[in-house]
Structure formats: C-alpha cells, structure tokens
Amino acid sequence: MENLVIQTEKLSEWVNEVIKKNKVFAPVKETDFSNFKIIDDYSEIDFTYLLPRVPAKKILFKQTETLFLFTPGSKGSVQTKEISDEKLVVFSLRTCDAKTFSILDPVFLGDYADPFYKSRRERSILIGLSCNKPNVNCFCTSFGDSPASSDYVDILLTDLDGKHLVEVVTERGKKFIDNYKKFFTSASKEDLDSKKKVEEQAIKGITRTMKLEGIPEKLDKMFEHPIWYENAMKCIGCGTCTFVCPTCHCFDMQDESTLREGARVRVWDYCMNPEYTHHASGHNPRPARMNRVRNRIFHKFNYYPINDNIVGCTGCGRCIDYCSVNIDVIDIINKIGEAES
Amino acid sequence: MTKNSEGTFEIQNPYQPLLAKVVKITNEVDGARAIKTYKLVFQDEETKINFSFIPGQFVMVSVFGKGESTFAISSSSTQKDYIEISVMKHGKNTAALHELEEGDIVGVRGPYGNTFDVKGWEGKNIILIGGGIGQAPLRSVLNYILDNRDKYGTLDAIYGARTSSDICYKEEFAELEKRDDVNVHLSIDVEEEGWNNYVGFVPNNLMEVKPSSENAIAITCGPPIMIEYVIQNLLKLGFTEKQIYTTLEMRMKCGIGICGRCNIGNLYVCKDGPVFSYEQLKGLQGDM
Amino acid sequence: MVDKELLVKTAKKIVSREDVKYVVGYKQGTYGFVISPSFAYTPEDVDNFIYNPLCKKNLTVYPILEEKLPLRREEEEDKRKIGIVVKGCDSRALVQIIQEKGLTREDLVIIGIPCKGVIDLKKIEKRFPNQTEAVNVVETDNAEYILNISGAVQHIPKEELLSEVCKSCEYPNPTIYDFLIGEKIEVGEVPEYSGLKNLDETPLEDRWAYWEKHFQNCIRCYACREACPLCYCKTCMADMLEPQWIRRSVNLSENTAWNIMRAFHLAGRCISCGECESVCPVNIPLMELNKKLEKDVKEMFKYNAGLDTKEKTLFGTFNPDDPEEFIM
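Heads up: the protein sequence lines correspond to chains S, C and W, in order.
Here the first sequence is numbered in our numbering, starting from 9 and rising by one per residue.
Here the second sequence is numbered in our numbering, starting from 4 and rising by one per residue.
Here the third sequence is numbered in our numbering, starting from 19 and rising by one per residue.
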C-alpha cells in the first residue's frame, strides 16, 4: 500500500507518541525472557527477544476474562461486563504470532461472535517486526510464510540497520500511520532491496522443515496408528504446549464469587488434562494420553483444515522448545508423511 | 440482547445467560442418582414470548456462583411460555440445582445445537427408544408428536430404567399407557415384585417389540452402551442408517463451538450436533 | 562415564523377561541438546538407549502416569513390571512413592546409575543457541564437559553447565536398584543449595518482590505438577471444584496460592531432582521453595526423603517430641 522509512533513533519518539493515545503492547523483559506487556515508554521494549514466551494471542484472547458479573445464589441476577473502547496497538509482532489471528478469527468470529475477542480485534493495530534471527525450532516457512511476511499485520517494520522500513499493508494501517506522518519519509528502492536481503538471511536461518503436503488428507487414514501411542507414552500431560501455542483456544468457564458478588470467568484450558473431557457421569471420551495427544495434532492438522481451510499451526516452534519430553510436532508430522497409512 | 440507556442494542454477549424463574419442580427419581424436572419461565416478557426452539436442542443452565451445565430441553416446542429440563444430580452445579426451590432464579442460555427433523418426519411411524435420563430429549419429541398427532403415523415409546423407582416421568408414562394413539413399552433391568412389564435391557425389549422399519424413524438416547446395542438391533430389524437417530452428550462449556472440548473428530457436538443420524455417526472418526 | 554397553545389555535382559512390560530409558532427542524418554518393548528397542550428562529428566513419573483404563470383557489387567533407568535423585522418588504406597517394589525393575550431576538444559541452550543437530556431551574425569558441536570440540568447565540442584546433591548413588551400572560415587561435603539465600537472607519486602515477579509470570500450565514424580494425587486440590481451594483465574493471588501450596505438599517428600524447575516454561525458581522446606524438615525432624523403603513417611509418623514452634 505504502512503503515508508523511519530513522531508528526516531522510533522511540514515534512509539511514545503512539502510547499517548493507545494502549501499546510490546515485548518486555520479564525475569530472563520476554512477554507482551502494556508499556508506558519505548525504553521498556526488549528488542533482544526472539519470541515472547507467551504468544500474542493473550492480548486479544486473555488467559483470564470476566464474561459477566452476577449476584450469587438462587435469587441471583446478572450484570453485563462492559467492554472498553480503548485503542490497542500490538507492537513488534513476529509473523508466527501475527498469523494467530487469521487462524483464530473463524473460531471467535463465527456463528456466535465472541464479543471480547471481536471488540479487541476491531480496536487493535497489528505492527509486525520482521524476524532477522530465527530460533532452532522456527518453521514458519513450512507454511509458505516468511519471517518478514507482511501478510498478517497492518504495518510491518524491518530493521535495516540505522533505519526501519515501514510497510503499510492495510487500510487500517494507513489511517493509523497518517496520524504520525512527520516521523516517516518515503522508502527507496534500495530500502526495499535491503529488506529482501534481511528476509533472505532470515529464511536461511530456518533450518527445520515440516513437510505438510498431503498431511491433512493423510491423517484421515491415520486415526489408528502406533505413532500416537509412541508419542503419548512420553507425554506427561501438562498444559505447556497448549498455553504457549499461538492457536490453541480452548477455555474453561468457572464461577468465582464471594457471598455477595461473583463473576463468570473464562480461563485457558488444556486438552492434555483428563478432566478436560471428563463427563459428570464418569465417562471420559478421551481417557488416555493417546486420545489427547492425537486429538491435539488432529485438531491442528486435520480438523482445522476441514473446518476452516487453514492449518492450525503457525510454525513458531514454542511447543517444541518448551516440551520437557521432546514431543516434537515437526518430527511427528514428518513421520506421518513417511508412514504407511 | 440488552438495550442500553440510548435504546440501542449493545453487543450481544453469548456467554451471558437470561434469567428464568423455576416455577415448578417435579421429583422424578430419588436416591443417589436423583432426577428432578424443572419448569422454567423467562423473567423477561419479550424472551418469554420470543424464545423458540425445536426438539433436540439444548440449553445451558446456571446456578449463579456454582456453574453452568448442559441440558436437553425435555418439554415440547408446542408448549409455549415455558421450557422444562430434567436434571440428574452428579456434579457441583447439578447438586446446586437440586437444592433449588420453586420461585428461585437460574440463568439460561440457548437454545443451542441442531434439531430433530420433526417436520421432515411428518407422515412417518416414530419409534422412541430411551434409557434412564436419556428420555429427556425424547420426551420433547414425544410431546411434540402428541400435540401434532394427526401428522404422524404410529408412535411407539420404548423406555427402560434399572429399577421401577429409577423410571423417569413415571406419571406421564402412566397417562400415556391409557391412550390408544401411543404404544408404551416399559422395562426394568432386573426382576421386581409387582412389575408386569418387560424385564431386561432396553435393546432386548426393542427386539420383543419388533417395530417395523417400514416408513419409520427410530430415535434413541441413553447410556452410550445402550445406544450401541439399540443401533445394532435396529439394523437387525431392517432399519437403514438413515432411519436411525441419536443425540450425543459431551462435556461442554460454551455451547457455541468456541471452547473446543466437545469435538468428535472435526465436528462439535454443541453446534454440529447433538442430533446425529447413524449414517453420520458411522462415518465419524473420533473419541466418543 | 557410564558404560553404555552395560546399560544396553542390562536393559535388554530386563525387557526380554516375560514379567516386564517395557523399560523406560533415554534416547537422543530430535534436535540439539534435547534428550527424549525412550520406551523399549523389545530388546531391539533398547538399541537407541543412551546415557550422558544431558539425561536430566526424572523418568519415575511414568510408572504412575500410565492410565488404568476400564477393562473390556475377558480382558485381564496387565500386571507386568516396568523397567526404569534412575539416577540418585530419581531413585529416591521411587523410594518415597513406595513408602507412600503409590507403587510397590514388585511393580519395578530398577536400573540404577550413580550420577555425577546433570546439565541444565536452559544453561547449555543459552550458551550454545540454535543447535539443530544432535550434540554429544561427554564428561571428563577433571570436571569438564566435552561438547562436539558440528565438528568443533569445546571444553567447558562442568561448574558452568551443571544443574544448580546437582551442586548440592547428597545422594548421587541410587538408594534403590536391582542393577547398578558403574561404580558408586563417594560423597564428600556438599555446599548448601545456592538459591537458599534468597529465602533465608533477603529482607522480607525484597523477598516478596522477588516471588511476586516470578509468580506473576506463572501461566498455571501445571508442568511442575505433571513432571513431578511425587505429585501423583488422583485429584489434585488445584483441580477440585467443591471446595475450590484455588480459583482458576490466573493472577498473582491464585498463582501464589498454587505455587506455595504445591511446595508445602512436597515438604518432607521432595527429593530434589529439580524437574519442576527445569520444565517450568516461565523459569520460576521453584527449587528455592522446595530446598527451603527440605532444609527446615531436615533441621526440625532430622528427616531425609526417599532413602529407605522400610522407613515411614515424615507425615505418616508422629513423635511427642516433634518440634511445634512453627505452628501458629
């Protein structure tokens, strides 16, 4: 749509200007890793990060959300939870985190729109930052994406050493950037070429590949396959893979109340927990880790493609990074590709 | 949906229930697995008039502070101004529901899910095969047909429970037995003094009743193992996969296809079900 | 250096037995420094077993994890034993579970490995990031690790990569085993756990700020619980709804309740394998809590968990002389 440039020393001025009128989320150093947090000043941003530990889904789909308020008890009443109209800016998103929302949109904006997600989605500007040094388990390229992709953001920044290329991708991004014209100049052809170099370099840094071709269809024939048992034997049933996953969206709803006031909250839930599907009657349709591990992989690589025509994985590699027993989704999918169905 | 002070509608929050008053509680079954039926009337006049559903659909019912659970609507859509649900006590929220008294307030969301094709089944002979609390959604169909009796062929209600005291809707079955436009076939699992009907499991009773598959639709609901054998027996009786329907149960939270837990394969029981034909069910690959 | 051949030979012998279902050991993971648990059902499966200083994972979580699904008609319960490779700390977990009657000795065939300490994966990955290819690590006799990274050989002082818990390990030798691979290690004086000073020495407000910062990051994935061989309650109190001890809301208050509660439930039971801390995706120093309780238990009750299956558990015994100053 429009290609601009901002001198890197101006970046702080611009972002601080943005902070005045928007709630800005950016990666902030926690203890020894980064997470998306609301920042009050540009200086809080951690640019040494590769990926925030908890994915950006948490900004639009919060881990804990109050759905409505109520007066507890058998004479109860309900009170609507007001939804804020604050403008949100998610700053410095990587491709894999930005793609999250393309995958979650069909879920949260389907037949019944989730008002919390919908509202935040409509109120937020996604500003990407090209990834220039991918991690060992990064594999966004396996989905045809690039670490410097502008496909899923409103605005994409690329660090060109001394200046940042600013690609304005969407109408929404254009309207936003027009408020801050003074910080930007037009990009030259050299700038775009430099970006290409950065991108190529980053792509070269991605060493692992998931061979996806034909996988969704092949899985149809692999529901009963030893590979699920093999991987499930290792699984310890924690929720790490789901909580650090940019596309896992399952949640639980619980009433939390005192004697006088209460709220129904929703919290991220994880399908690796046997409780997750446990019926009150005692029956459990997914009683074993095998059922649960299989369901998670099928959900991403078979059910998602069938229902929403998209693979439910962005290639961020977090589930591989933080799995303590080396359940490796790249390895699983590649083995499925090689296996006899 | 709620109107704000300016009279415009606010964003609809599908998680927020509407208030309904418990106007009548019927004790169906006592004991450890007690069952009660609740007649609920929406507090808001507009909803009371506009709330419409089709047999097969379900609602999410809350006791505020305790939680929310899924229940098949057990009344018929022909019965206006109220809905009924039947609740077996076995969790935190259902226990709280069992504590309620007439006049108390609950939250209701819905109706959700797909429906029995009651319109499409007009002119057909209907066989309902229920077990335990699984009769709840079938009761909705049963009453719907009785209220539109001339539009359907013969009507058979096969129903069984563990013991005679576990039978749900006892009085209603007793009333039905007096009618000649519906054939009631009750059973209990083990011999009991004073029981004059069939003794044995529901699938066996089905073979005793031997309904004809011609121009018929069979709908079954009950414990998973019962459903499995009922379907096997229906096939033996010559029913095709398209003539057999069931309604499935899965743990649900949102009821609207977002929270993720009720899937069987790529389908969500809450929005793609809960009603499935055996033809669909057979093709499903997933954990049930 | 653990004799891999002997390990494989022993595991093969065990897995060949009719009364053994499988042997769980370690194999090379799919990338870099990562090690994977390996389940061997046949002698051939054992061929991929390895053992090196990267084999940190405490495998004793597995015997209890296995689901006991309802048996189908005419199906018999599989009562075969599970073979398992353990280090000193891991073996103490087994002893503790056996004391608590979570498992019986007969359930297990134990391959013990005297352990000189294992590498902290977080440390080595930080030092040598982005390793796609499997990296082999060897420990020398003079407290060095030799790493072969894409042809380049690196000598790293052991101290720099060793897991913190290992530095204060008092029980490197398995306390229970059927087969021992290698010579027992002599134990000298061990230093106090380095993280203890955080709880013992920092002023109250700083201590609170420190833990607040960490607990705020907790995402309540319960990896700590699931990875812990001693967190095996059928229903964890964190999952209970009636009464609900801990709310599901993820916030500082509930996160603190969860982490503190878990630490207390492990008092006199934790065997210092450090698994909870190493699996934590948000790097909460959980061992500082566990070690503090371990120290208190040791001082007050002269008790060490997981040493002898015949011993009673700390909370399974009462002595009129038990200290009670800590009871308010």
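Hints are not guaranteed to be accurate.
[Stated by the list, open to error] Cut-off 20 Å, straight-line C-alpha distance, at most; resulting in silico cross-link-like pairs (EDC-like, lysine to aspartate or glutamate): (1) W/Lys252 <-> S/Asp169; (2) S/Lys343 <-> W/Glu151; (3) W/Lys86 <-> S/Glu38; (4) W/Lys144 <-> S/Asp40; (5) S/Lys45 <-> W/Glu260; (6) W/Lys231 <-> S/Glu52; (7) W/Lys39 <-> S/Glu52; (8) S/Lys83 <-> C/Glu48; (9) W/Lys202 <-> W/Asp326; (10) C/Lys92 <-> S/Glu179; (11) W/Lys144 <-> S/Glu38; (12) C/Lys95 <-> S/Glu94; (13) S/Lys229 <-> C/Glu48; (14) S/Lys37 <-> W/Glu230; (15) S/Lys141 <-> W/Glu230; (16) C/Lys92 <-> W/Asp326; (17) C/Lys285 <-> S/Glu283.
[Said to hold, decoys possible] One-sided excerpt, in silico: chain W residues whose CB lies under 10 Å from chain S: (18) Ser56; (19) Thr60; (20) Lys75; (21) Glu85; (22) Arg238; (23) Ala245.
Rather than coming from a laboratory, the hints here were simulated on the basis of the structure.
Just so it is clear, CB atoms sit at the ideal spot from N, CA and C, and this is done for glycine as well.
A quick look at each hint next to the structure:
1. Note on W/Lys252 and S/Asp169: the hinted pairing is violated, with a Cα-Cα distance of about 56 Å set against a maximum of 20 Å.
2. Restraint check for S/Lys343 and W/Glu151: satisfied, since their Cα atoms lie roughly 18 Å apart, inside the 20 Å limit.
3. With a C-alpha separation of about 41 Å, the suggested pairing of W/Lys86 with S/Glu38 is violated against the 20 Å cut-off.
4. Proposed proximity of W/Lys144 and S/Asp40 is supported: the alpha carbons are some 11 Å apart, at most 20 Å.
5. A distance of roughly 34 Å separates the Cα atoms of S/Lys45 and W/Glu260; the hinted pair therefore is violated under the 20 Å criterion.
6. Between W/Lys231 and S/Glu52, the direct Cα distance comes to roughly 16 Å. Compliance with the 20 Å bound is thereby established for this hinted pair.
7. Under the criterion of a C-alpha separation no larger than 20 Å, the hint pairing W/Lys39 with S/Glu52 is inconsistent with the structure, at around 54 Å.
8. A distance of roughly 18 Å separates the Cα atoms of S/Lys83 and C/Glu48; the hinted pair therefore holds under the 20 Å criterion.
9. Straight-line distance between C-alpha atoms of W/Lys202 and W/Asp326 comes to about 17 Å, which keeps the hinted pair within the 20 Å bound.
10. With a CA separation close to 54 Å, the supplied pair C/Lys92 and S/Glu179 exceeds the 20 Å bound.
11. Taking the CA atoms of W/Lys144 and S/Glu38, the gap is about 16 Å. The hint holds against a cut of 20 Å.
12. Pair hint C/Lys95 plus S/Glu94 does not hold up; C-alpha atoms about 37 Å apart against a cutoff of 20 Å.
13. Taking the CA atoms of S/Lys229 and C/Glu48, the gap is about 52 Å. The hint is violated against a cut of 20 Å.
14. For the hint pairing S/Lys37 with W/Glu230, the CA-to-CA distance comes to about 15 Å; that is within 20 Å, so the pair holds.
15. Using a Cα cut-off of 20 Å, the hinted pair S/Lys141 and W/Glu230 is violated, with the two alpha carbons roughly 32 Å apart.
16. For a cut-off of 20 Å, the pair hint linking C/Lys92 to W/Asp326 is broken: about 46 Å separates their Cα positions.
17. Distance hint between C/Lys285 and S/Glu283 is unfulfilled; the C-alpha atoms sit about 27 Å from each other, more than 20 Å.
18. Here the hint on W/Ser56 is kept, as its CB sits about 9 Å from the closest CB of chain S, short of 10 Å.
19. The beta carbon of W/Thr60 is not positioned within 10 Å of any beta carbon in chain S (closest approach about 13 Å), and the interface hint is therefore violated.
20. Here the hint on W/Lys75 is kept, as its CB sits about 7 Å from the closest CB of chain S, short of 10 Å.
21. The criterion of a C-beta within 10 Å of any C-beta in chain S is met by W/Glu85, whose closest approach is roughly 5 Å, and the hint holds.
22. For W/Arg238, the shortest C-beta to C-beta distance to chain S is roughly 8 Å, which falls under 10 Å, so the interface hint holds.
23. The interface hint given for W/Ala245 is met, as the beta carbon of that residue sits about 6 Å from the closest beta carbon of chain S, less than 10 Å.
Going through the hint list in order, the structure does not satisfy hints 1, 3, 5, 7, 10, 12, 13, 15, 16, 17 and 19.
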